[in-house]
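Q: If you read the protein sequences in the order shown, they are chains A and P.
In terms of the working numbering, the first sequence has 332 at position 332, counting the first letter as 1, and numbering is strictly consecutive.
In terms of the working numbering, the second sequence has 191 at position 191, counting the first letter as 1, and numbering is strictly consecutive.
By construction, these hints were calculated from the structure, which means they are not laboratory data.
Any given hint could be a false lead.
Pairs involving identical chains hold if they fit within one copy or between any two copies, as the list cannot separate such chains.
Stated by the list, open to error - Under the rule of at most 25 Å between Cα atoms (straight-line distance), these lysine-lysine pairs were calculated in the DSS-like manner:
#, residue 1, residue 2
1, Lys390, Lys406
2, Lys118, Lys70
3, Lys411, Lys390
4, Lys340, Lys248
5, Lys22, Lys439
6, Lys248, Lys203
7, Lys347, Lys406
Protein chains: 2
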Amino acid sequence: MKQATIIGSGLVGSLWAIYLAKAGYQVEVFEKRSDMRLTKISAGKSINLATSYRGWKALDEVGIGDEIRKIAIPMHGRTIHNLDNTLAYQPYGSSGQAIYSVSRGEINAKLMDIAEEKLNTKINFNQECVNVDFDNGVTYLRHTQTGELSEYKSDVVFATDGAFSAARYSAMQKLDRFSYSQNYIPDGYREILLPANADGSYKLEKETLHIWPRGRFMLIALPNFDGSFTCTLFMPFEGHDFCFNDLKTKSDVDSFFRMVFPDFYHLMPEVADSWNSHPLSSLAIIRCFPWTHGKLALMGDAAHATVPFFGQGMNCGFEDCSVLFSLMKAHNENWSEVFKAYEISRKPNGDAVQDLSLQNYLVMRDKVSDANYQLQQKVERRISELFPNKYFPLYSMVSFSDMEYKVALEKGNEQNEIIADFIKANEITQETPLSQIDKLIHHLFDGSTKIPN
Amino acid sequence: MKQATIIGSGLVGSLWAIYLAKAGYQVEVFEKRSDMRLTKISAGKSINLATSYRGWKALDEVGIGDEIRKIAIPMHGRTIHNLDNTLAYQPYGSSGQAIYSVSRGEINAKLMDIAEEKLNTKINFNQECVNVDFDNGVTYLRHTQTGELSEYKSDVVFATDGAFSAARYSAMQKLDRFSYSQNYIPDGYREILLPANADGSYKLEKETLHIWPRGRFMLIALPNFDGSFTCTLFMPFEGHDFCFNDLKTKSDVDSFFRMVFPDFYHLMPEVADSWNSHPLSSLAIIRCFPWTHGKLALMGDAAHATVPFFGQGMNCGFEDCSVLFSLMKAHNENWSEVFKAYEISRKPNGDAVQDLSLQNYLVMRDKVSDANYQLQQKVERRISELFPNKYFPLYSMVSFSDMEYKVALEKGNEQNEIIADFIKANEITQETPLSQIDKLIHHLFDGSTKIPN
Numbered sequence: 001m002k003q004a005t006i007i008g009s010g011l012v013g014s015l016w017a018i019y020l021a022k023a024g025y026q027v028e029v030f031e032k033r034s035d036m037r038l039t040k041i042s043a044g045k046s047i048n049l050a051t052s053y054r055g056w057k058a059l060d061e062v063g064i065g066d067e068i069r070k071i072a073i074p075m076h077g078r079t080i081h082n083l084d085n086t087l088a089y090q091p092y093g094s095s096g097q098a099i100y101s102v103s104r105g106e107i108n109a110k111l112m113d114i115a116e117e118k119l120n121t122k123i124n125f126n127q128e129c130v131n132v133d134f135d136n137g138v139t140y141l142r143h144t145q146t147g148e149l150s151e152y153k154s155d156v157v158f159a160t161d162g163a164f165s166a167a168r169y170s171a172m173q174k175l176d177r178f179s180y181s182q183n184y185i186p187d188g189y190r191e192i193l194l195p196a197n198a199d200g201s202y203k204l205e206k207e208t209l210h211i212w213p214r215g216r217f218m219l220i221a222l223p224n225f226d227g228s229f230t231c232t233l234f235m236p237f238e239g240h241d242f243c244f245n246d247l248k249t250k251s252d253v254d255s256f257f258r259m260v261f262p263d264f265y266h267l268m269p270e271v272a273d274s275w276n277s278h279p280l281s282s283l284a285i286i287r288c289f290p291w292t293h294g295k296l297a298l299m300g301d302a303a304h305a306t307v308p309f310f311g312q313g314m315n316c317g318f319e320d321c322s323v324l325f326s327l328m329k330a331h332n333e334n335w336s337e338v339f340k341a342y343e344i345s346r347k348p349n350g351d352a353v354q355d356l357s358l359q360n361y362l363v364m365r366d367k368v369s370d371a372n373y374q375l376q377q378k379v380e381r382r383i384s385e386l387f388p389n390k391y392f393p394l395y396s397m398v399s400f401s402d403m404e405y406k407v408a409l410e411k412g413n414e415q416n417e418i419i420a421d422f423i424k425a426n427e428i429t430q431e432t433p434l435s436q437i438d439k440l441i442h443h444l445f446d447g448s449t450k451i452p453n
Numbered sequence: 001m002k003q004a005t006i007i008g009s010g011l012v013g014s015l016w017a018i019y020l021a022k023a024g025y026q027v028e029v030f031e032k033r034s035d036m037r038l039t040k041i042s043a044g045k046s047i048n049l050a051t052s053y054r055g056w057k058a059l060d061e062v063g064i065g066d067e068i069r070k071i072a073i074p075m076h077g078r079t080i081h082n083l084d085n086t087l088a089y090q091p092y093g094s095s096g097q098a099i100y101s102v103s104r105g106e107i108n109a110k111l112m113d114i115a116e117e118k119l120n121t122k123i124n125f126n127q128e129c130v131n132v133d134f135d136n137g138v139t140y141l142r143h144t145q146t147g148e149l150s151e152y153k154s155d156v157v158f159a160t161d162g163a164f165s166a167a168r169y170s171a172m173q174k175l176d177r178f179s180y181s182q183n184y185i186p187d188g189y190r191e192i193l194l195p196a197n198a199d200g201s202y203k204l205e206k207e208t209l210h211i212w213p214r215g216r217f218m219l220i221a222l223p224n225f226d227g228s229f230t231c232t233l234f235m236p237f238e239g240h241d242f243c244f245n246d247l248k249t250k251s252d253v254d255s256f257f258r259m260v261f262p263d264f265y266h267l268m269p270e271v272a273d274s275w276n277s278h279p280l281s282s283l284a285i286i287r288c289f290p291w292t293h294g295k296l297a298l299m300g301d302a303a304h305a306t307v308p309f310f311g312q313g314m315n316c317g318f319e320d321c322s323v324l325f326s327l328m329k330a331h332n333e334n335w336s337e338v339f340k341a342y343e344i345s346r347k348p349n350g351d352a353v354q355d356l357s358l359q360n361y362l363v364m365r366d367k368v369s370d371a372n373y374q375l376q377q378k379v380e381r382r383i384s385e386l387f388p389n390k391y392f393p394l395y396s397m398v399s400f401s402d403m404e405y406k407v408a409l410e411k412g413n414e415q416n417e418i419i420a421d422f423i424k425a426n427e428i429t430q431e432t433p434l435s436q437i438d439k440l441i442h443h444l445f446d447g448s449t450k451i452p453n
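So here's chain A without its partners, still in its complex pose (with noise of 0.2 Å):
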């Protein structure tokens, strides 16, 4: 029997496995961590995700998208809370398109679950990973408990144990020639949890994603089922009007929220209490290449860890499934072959969608509440409307269809710019009636201005 080894059961470790065991491998699975399914995981006490369409796309390419899909509540676009207590909806796409709403630990849970109902799949827990020899496809394994040492030979080795992948720190970057960067930006986050009323009712509009934007700084809250909010607040560590090393007492904290989030402040008076309940983070983007080296192959947040602004980070790793696998086909299980076409496609929509998390950071704590860009958004869905087959937004591009990042990230930038140039051209404001802009829009489609489709 063919033998897969995998670093990690994290999500998209996980995943991989089911694919793995599908393809008929035997699958030897090692997680540092303890079984994280013994421990209860309150929903709210776990960073939130969005799976977008590439997410499904792989879910559901192996069956199992229904299962997770019991678990994720539909987000159809942003709320954004203004300083003055005035809300704002913008949609994230046409009607019935959402991102969902999962909890980091239900999904791992479930994807743990269903990987471990083949026969032909094992987890491992409490096995950190010391060392890979890539020649030989051995993992070099230390029992985190015993301390007891061993090593586990098979045809090839998948790392997905994360931004700080032991594998990739312990094998690959030891390798001549192996280009490495871990860059932190200047903010850092922590997370809050807003609860749910007595009766457990939601406090806030349920299918949306709700975000506080305030310049260098913003708040986010994701829904959970049991009617609580997952929040986050990103800022700057220092140097900044607000940062976290200015928030040292409770009353900064009571007094920071009262005055800059004074709605979530009367949703909860008590925040400052709650604020040391989780710890403050940082936020890295990694990038690193090759890939793959002999028999080893990095995946998920292993290859290429972004910050979470796109929402993208889990549904890169799951689409990395989806394209390996297709990989593995097309080259027959030859897995030289595969690793080298699966690094040379890949590792360019890896530093895509990098960029695309760093750039939607400015507009998620920025540009969402500035007059210029919600106009140029009015204007592009409009055009989306009236040319669905013909015009897609960007965030469109990444969260609704499988279109390479690369090429999500340069369209959509030509797009913006065009926009841009067209709103100007045609001195289009809040004002303009919908019946002119869409003459004006359907004279672009009709002229000679090139939209890039």
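Starting from the known structure of chain A, arrange chain P on it as the hints suggest.
A: Relative to the frame of chain A, chain P by itself:
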């Protein structure tokens, strides 16, 4: 007695040991390799270095410049070897200015000798750094021959263990928010020793740096005391008309040299025979930040390893010693203050020396043989002759002054643009008489054009 640990007895570690010993520290140096002085190192077996102003300044500050001058050969300029066997000469600076060829092995051995003369300095060989405890100043070591583990505690710890610093890798890189990148350039290098004539005389002019610029690749040669030259071929690994991967057989190497370096081939027709005496090596730029944490500081290549094309790697590392020493005195040996000041003032210069090095690769392998560059150089040299106290070319600011690298980089690039504009605006060519150029230069300096100085 105040105690200091230095990890690595390379160039920077040995010099820094001398500084600290003079300042009254008990200095323990731990070196992974065995004592290089016990092995016979032929001059040609080790990359040659070019000591310039900053290096001499740091050596003179501890009174050892003259000792090192004894093993240094001045190089007053570049001798360009064209494909048609013609030569061109470009002086590095004004008369009397030179950079100095030294053998890495010889200067390192000399620095270790001087360090060990101090009673309060000990170099411990075959001691590999396994980890550093920042907070307590403890260095964990493993004897490379016996495997014996030990630890050494001191007031302060300096990692001077090179581009692939074990201290950085095992300690700093695991810090939260430690930014790090290692980027390999697509080119590698291989050394070739051009031996002396039978009578011990030099086969090429001695007091100059020889370059065979060929656009995408180049050969260089630096003189040794025994009449030989240490030559280095820099070239892409793959994917170009000429690349290392295409030179597989002895006959490939032979035809390559005959075709692209005809005059060199004439001097060394046996070049293909010694092709494999030195390995093919890669080249990386390594950036990181912070450079200090707790009681540990990174210096030299451990902090800012660069590609070698400006000949500033050692000079910059030696300047780290000057700078750190003056901060140590200014802050009265309050190391936590010293470290903060050191990394804040020095990091932008580490970045700049890397940018300068990459930039100078283009100059050396391509521009030096370009007519526009030569004209630009001629005009610039004339300006600095006419206004020796007002105008300094980039090469002089980097090699013959201790102006901060970041200032030199900015100013140099500004100046280059001004000179290029000046040449274009006044339609200066190689044929323009010097008297006419002088008149235009006087006009430039008296006029409104602002030359940065």
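Q: Need the list of violated hint numbers for this structure, in ascending order.
A: 5 and 6
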